[in-house]
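Dock chains B, C and D against the given chain A, drawing on the hints supplied.
Protein chains: 4
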Amino acid sequence: MADLPSISVEDVERHSKPESCWLVVNTQVWDLTEFAPNHPGGPEVIYRYAGHDATTEYTAIHVPSLLLDTLTSTKLVGKLETGIDIPEQWYITSTNNSKDSRPKPPLETLINSHDFERAASRDFSPKAWAYYSSAATDLITLDANKSFLDRIWFRPRVLRNVRNVDLRTRILGSTDLVLPFFVSPAAMARLAHPEGERAIAAACSTKSVAQCVSTNASFPLKEIAKDTKHPIFFQLYVDNSRDKSEALLRACHEVGVKAIFVTVDTPMAGKREADERVRTNQSISTPMSGVTAKNDGKGGGLARTMGNFIDMSLNWDDLKWLRSVTHLPIILKGIQSAADAQRAMQHDVQGIMISNHGARNLDTSPPSILVLLELHKCCPKIFDTLEVYLDSGIRRGTDILKALCLGATAVGIGRPFLYSLNYGREGVEHLIEILSDELVTAMRMLGVTELSQLHPGLVNTLEIDDAVPGTVGHPYAKWRRVLQAKV
Amino acid sequence: MADLPSISVEDVERHSKPESCWLVVNTQVWDLTEFAPNHPGGPEVIYRYAGHDATTEYTAIHVPSLLLDTLTSTKLVGKLETGIDIPEQWYITSTNNSKDSRPKPPLETLINSHDFERAASRDFSPKAWAYYSSAATDLITLDANKSFLDRIWFRPRVLRNVRNVDLRTRILGSTDLVLPFFVSPAAMARLAHPEGERAIAAACSTKSVAQCVSTNASFPLKEIAKDTKHPIFFQLYVDNSRDKSEALLRACHEVGVKAIFVTVDTPMAGKREADERVRTNQSISTPMSGVTAKNDGKGGGLARTMGNFIDMSLNWDDLKWLRSVTHLPIILKGIQSAADAQRAMQHDVQGIMISNHGARNLDTSPPSILVLLELHKCCPKIFDTLEVYLDSGIRRGTDILKALCLGATAVGIGRPFLYSLNYGREGVEHLIEILSDELVTAMRMLGVTELSQLHPGLVNTLEIDDAVPGTVGHPYAKWRRVLQAKV
Amino acid sequence: MADLPSISVEDVERHSKPESCWLVVNTQVWDLTEFAPNHPGGPEVIYRYAGHDATTEYTAIHVPSLLLDTLTSTKLVGKLETGIDIPEQWYITSTNNSKDSRPKPPLETLINSHDFERAASRDFSPKAWAYYSSAATDLITLDANKSFLDRIWFRPRVLRNVRNVDLRTRILGSTDLVLPFFVSPAAMARLAHPEGERAIAAACSTKSVAQCVSTNASFPLKEIAKDTKHPIFFQLYVDNSRDKSEALLRACHEVGVKAIFVTVDTPMAGKREADERVRTNQSISTPMSGVTAKNDGKGGGLARTMGNFIDMSLNWDDLKWLRSVTHLPIILKGIQSAADAQRAMQHDVQGIMISNHGARNLDTSPPSILVLLELHKCCPKIFDTLEVYLDSGIRRGTDILKALCLGATAVGIGRPFLYSLNYGREGVEHLIEILSDELVTAMRMLGVTELSQLHPGLVNTLEIDDAVPGTVGHPYAKWRRVLQAKV
Amino acid sequence: MADLPSISVEDVERHSKPESCWLVVNTQVWDLTEFAPNHPGGPEVIYRYAGHDATTEYTAIHVPSLLLDTLTSTKLVGKLETGIDIPEQWYITSTNNSKDSRPKPPLETLINSHDFERAASRDFSPKAWAYYSSAATDLITLDANKSFLDRIWFRPRVLRNVRNVDLRTRILGSTDLVLPFFVSPAAMARLAHPEGERAIAAACSTKSVAQCVSTNASFPLKEIAKDTKHPIFFQLYVDNSRDKSEALLRACHEVGVKAIFVTVDTPMAGKREADERVRTNQSISTPMSGVTAKNDGKGGGLARTMGNFIDMSLNWDDLKWLRSVTHLPIILKGIQSAADAQRAMQHDVQGIMISNHGARNLDTSPPSILVLLELHKCCPKIFDTLEVYLDSGIRRGTDILKALCLGATAVGIGRPFLYSLNYGREGVEHLIEILSDELVTAMRMLGVTELSQLHPGLVNTLEIDDAVPGTVGHPYAKWRRVLQAKV
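Protein chains in written order, with my numbering: chain A, 3 to 489; chain B, 3 to 489; chain C, 3 to 489; chain D, 3 to 489.
So here's chain A without its partners, still in its complex pose (with noise of 0.2 Å):
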């Protein structure tokens, strides 16, 4: 780089048009005229730039090694003129910026999951918040999967010594955790901050809490599992191209990931109608999966622009390809329903999770609790024959414990460390420091130390036990018979 030609903000400012269509990066100028009708965000955000300085926006989106990974060096046409003053109309401000100027609380004044959510509300860029928190239409399922959870009462027993709590447990027959959750998977993490996934690997490596990387992160894996030793595992959405797929899963063979996730209730994304709603010409880039987000012109969202990649023909059978490309533990991600508990007990996986995806893809799918008390009703075999994942919904230490008691091996936590990210790693970290004193805490006061000896019989789930269904197959099989002859 030192090499590069120096280059005068008049002659940067000379190349704005399409034709012939210059912007600094950091310094850098690059030359996009041939690239930007082929951006997948669309060409005119990068002729929004022309002839300006673009690392804002630029910053706000991409990961920093992308441009020298897309383009030729020989677009780098030279470094910008340093020592001169940058005209004032060079800084553009960006469509994406934050909501409320006034600084973020300090830190140490955020003290649950619930305040990192507001903050984040506050801090975030209108964009980003909107992806994070919207879900399904009328949000019913977002807000049955914590409601649900605050309708168990504990069992709680005293008088036990409880001065010494263990919280470790070994998963997958040979992965140890430190802690009993794990930061689910979540798309495009440097909406939040410009570290993104790998803020949120350098906190887990730090306090040894196992994170669980999308295809959508906006990082490669290899950057993010850079220097980390904690356990991580990888969220597959299955590509209509297996090449890309099994691409990927090398990738994580390489970088030691302990356990895939497989997604499989996507097979389009949800109506996430806040994300819908906020318009922005901003577009994002997943490096793994390829594809690039932004809205549409009929208000997709970012996720819907995202998902197109994902084989919506995937089905049962394309468990025998998934086992045959990988050595590693498969989970199903996204079992909604005791039948399909059973159905993965027939096939060589090795563990499922229940999640309705946040809350994201179908209004009304039933809160996750609500799943993992139907798995005792209509299939409790299941908890001797796989592991049983969950997310959506927990919140806090008492939300993880109640999962324990009733046979998850483990929970995934997604929106609150997303939010986190609003102070980066140590956001992150601090999370994780209030998630794990929450959960020792109310390990105390129900009278336990270790997780083997937690069990159904520490909760009452009497108040949605009536909505839980108690058989696995249809309740009216006769009439659906009679109809399916008729239509």
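Rather than coming from a laboratory, the hints here were simulated on the basis of the structure.
Warning: the hint list may mix true and false statements.
If several chains are the same, the list does not tell them apart, and a pair holds so long as it fits within one copy or across any two.
Said to hold, decoys possible - Simulated crosslink set (DMTMM-like; lysine to aspartate or glutamate; CA at most 20 Å straight-line):
id : residue 1 : residue 2
1  : Lys148    : Glu465
2  : Lys228    : Glu256
3  : Lys228    : Glu197
4  : Lys379    : Glu452
5  : Lys379    : Glu15
6  : Lys260    : Glu428
7  : Lys379    : Asp468
8  : Lys246    : Asp168
9  : Lys246    : Asp320
Every value quoted in this text rests on a predicted model; they were computed, and no experiment measured them.
Then chains B, C and D, alone, in the frame of chain A:
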């Protein structure tokens, strides 16, 4: 019209008294001196415009052809002189103007049926909004129609190939529907848009969606059906004068109506208090039923004044007459109990429609989905015998899907389509697209691709099952007898 | 009165001290020097008007005849000189004036009982509003009285000839009611309107609606019943002095009262906190019970200070005495359990009235409709044996209809009629018309035309059935015995 | 004290540095140079007042005798010169001042316990309000403690002689209670009023109401009990150092304590977030437990910093030790399950107290009344064996009555009495009168006059019965074993 005499503004203004009363409508000058006392909406509103231009008010209420249909052409005294300045005082503000002068939100920003409702509440005249949105007394059933649907959880199945979704269904033996929902009948769509039911018809024709036309439509059936190719049903209020009903049925036969939905739940209009509270001197004519709705002095609301022609003595015996005068499939619209569903099976009808009239008739009448469950519990045989339709409270693709899982052949949607008329034909089309997209999304998330795959096992109704009556008869039969003896 | 001496303003003003205290009421000048210390409402309020005109305050509280009835005519010292200027300072603003100086909404704009409540909350004096609207402590039963009714669904029957609806019923062997509801007894209607219970009587007479007059009415029974032809019941608080109660019963016999509703649920007034919070120096006399209500120093509220004459020791044995002094049908008003309903069957009474005193006595006492269901579950025989009335929470025609379907002979309506007094006799008549119209509409929608057609099969009570006790006795009888032994 | 040297303001001001630090408290001048670094609340607060008068701050936190008890009298260097002008700058505003400068509402306008809560929320310092009102995390149990009581209906009996009501009961064999409720133990009543627990004791003594004194009381037990004649219980937190606990028990024996309520539900303080959010440099000493509460740097709240002396290893085996060091009746305070109630029956204790620590420890721990019902369902024998007390959520006379009907011997009331301290001793007495009056009223309305007449048949608990666990053991015992094997 070319040879009509040209009349000056001054000439018109000379006839501004009851004894000589001219009005201008669409540049035509009419002598309404004789007609005014017989105006179904009362003479006052005519006298108010005497000697002035009444185009705006007239157009908001009447079909253009009505003046000529009602009066002989001898009352058309001339054409307003052109090329002159219309005096400013001619512009009389309608009492019926929009509540909000801001421009409507752009149609593409409306992404669900609730958005249409919100926009209509702002853009409609107070009277139109009150008439459409109002429901019986304390609005308990209005709320329950939706909340009972919201308390049904899906039981989604995953890992199924859901690439291709097919929403087609055949009903009533030979009518093919492209989508399993249709426009429920509602009176006086011109309150919402000058093109009223015709705009709905045009949109339905484009989208191949079925439409059920009300006896109280603002246009004659023939005008609505003109140049359309979608399935049309006809909603029949049986008239005190059977002759009039038979004439309507003949019109149905002529335009190729596919089925008669005879309303059985409305011996009189319910007490819709919002409707009664909005006073107006506006009157609305309905060409088919031949009545004119206006607020009576006692706050009766539009609905109450319009329903006087409906036969309060209509009963099961009358179905023989109805069958004798039409060969079309008959659907009993407004069934609200298993007892009446059972009784319907003993008559020559082809279907029933569960409905509480959009919660407009009897407050605390049961939410529609509850009655559908009652049929499963008390007379499941009906699903083999008759087609079962349902309306009242359907607002989302998920709502449609739940009703279909529980055995509905198709569902009707009322108010949302009236609200979509805020944007005319384009609004109706946009709403159809939204609902269709929501339904497809929900089906994929549920793991189904054809309507024939739907069955009750895909929904969890436990949270409302406790409210479903288990018996058609009277649990306190013995007590009843004694009471009757005593009184 | 013609020969009363004429007294000047100056003369009156000279007697403005306790030692010589004159007041002007309706131009009559009274010497209250001796009486003031014995004034049931305390002497202060009298001294406040000493030497002044007290007409406004007096009229708001007392019946016109009270002064003459209470004092001998020797205390009437003269007549205020006419044709003179009354000094402005004579007009003392009452502490009890209306909360809102805006004119009342026109009567015809009130279309349901809630409208009357809203208007009364604006127009009544703070004290009157507090006294009428208040209920026991946390208002839980107040809310439940209505919400339990709202959770009952109708099971409407359609296709029945409902042209002619007949609401007549015969009760207590020989009393014919035109409408199956009546005005429930309530104390001190003069707080709402100078004509108080007389205005109610006049309206009831016009509309042939029954009225139950309270022991604490603001007028003597004879004045209320004068010139009326509607059925009158009498609500009896049994006095510590049986003589007084017997005198009241003799008055009942004289004016042709049809039944005695003896209150059994009020050994003392409940804790009605809104009533206690509004301080006032206003006192209110009740001519029949002979007591005067005013706030005591300790915030006891009007109700508490008024109830001291009621016999706290009243018990089942006293019914023999009651029967011995009246031949009229006896209804036990305030039954709240099947146990007491069963006990009532063993006594010589003709009916019971389920009531929680409008939720004014014991908070979390059961909502009335719940007790009615308890009777069906625990002692259905009562419906063959006694007549069962009900009040507390009836606000709509649908509420009336539900109670009648569940076996009530007729229902009482209290607060709404007090609120309707805001408009005097016309208000009461208007409310009767509204309730009657709502009831007719609801019956038609339910598919019934006579009260004899009503039965429990027309309502779905499943949403509240779980709260209905199934046994009269004590589920933990064994436990009870042990406890009693221990204490 | 008379012979203490007189010290001038100027002299005091010279000692305003850590190296020489004098403070004035109640005109006494103390040299705290040596003590400050050892101050349990940290030296900063002392240095803040160095060379100044600290009377206000000291008095708000410490008992008057503490300085002399803690320091030797040699540190008392003199007496502030009298008759001089105190410089204005000496008056340092406490960080702990009241939130609202308006005068308190007059005591007689407070008519229920909610009024006391509202007044306290206005008048208390933010820290005091936060400490008392806060509860665990999302406040679900806090709300449920009351709402579950509110969902219990009475089954009132009428027509009983209820003139004379007797609330007396004998507990623990020989202690007579005039009223069946007592003041539940709560820490640091001086936060609310300088007289703290002594004011409560004075009021209880006047009213003959029992009081349970906390280990963390702001005064030594002896000071609280001095000159009183009411029954006193002692709440014991078992200290890591058993010696300290034994010393406390000896003090109990000396002052004639009637029973030991040993807390079994608090191995550590719960996460009370409101408490943690209010930062303060105020520290509070508790003479009996010897600890000082202050916010730690990490937002631990007063409660967390205060609980460090409590033995986290306390378990059933320790009850033997407890019995060996006291002859007094032992009540296990904090039982929350039938399983532990059963276990209590196997130990030499005289009673249990159902409590969730005022919802302050574990959120979604069961509401107290639910646990009481669980005992009836799972181990009714306990009512014959032990006395059962209950606190957490009692706010009304009706609440007390419900708990008594369901078998509680007596109930404890905590926060309301702390709030009543807003008015000192008079406030406590007023609250006792209110609760007593509410209880008498409710009993009359229920048709009972003595506590021995109470039994579960007088309440209808059906609305919460579905939430009562029916088994002590583990419904999924089999599943549990498998899980343990796997992990």
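Hint check:
no., hint, in the structure
1, Lys148 - Glu465, "both (14 Å within a copy, 17 Å between copies)"
2, Lys228 - Glu256, "within (11 Å within a copy, 68 Å between copies)"
3, Lys228 - Glu197, "within (13 Å within a copy, 62 Å between copies)"
4, Lys379 - Glu452, "neither (25 Å within a copy, 30 Å between copies)"
5, Lys379 - Glu15, "neither (69 Å within a copy, 75 Å between copies)"
6, Lys260 - Glu428, "neither (25 Å within a copy, 53 Å between copies)"
7, Lys379 - Asp468, "both (11 Å within a copy, 18 Å between copies)"
8, Lys246 - Asp168, "neither (41 Å within a copy, 30 Å between copies)"
9, Lys246 - Asp320, "within (15 Å within a copy, 63 Å between copies)"
Hints 4, 5, 6, 8 from the list above are not met by this structure, while the remaining hints are.
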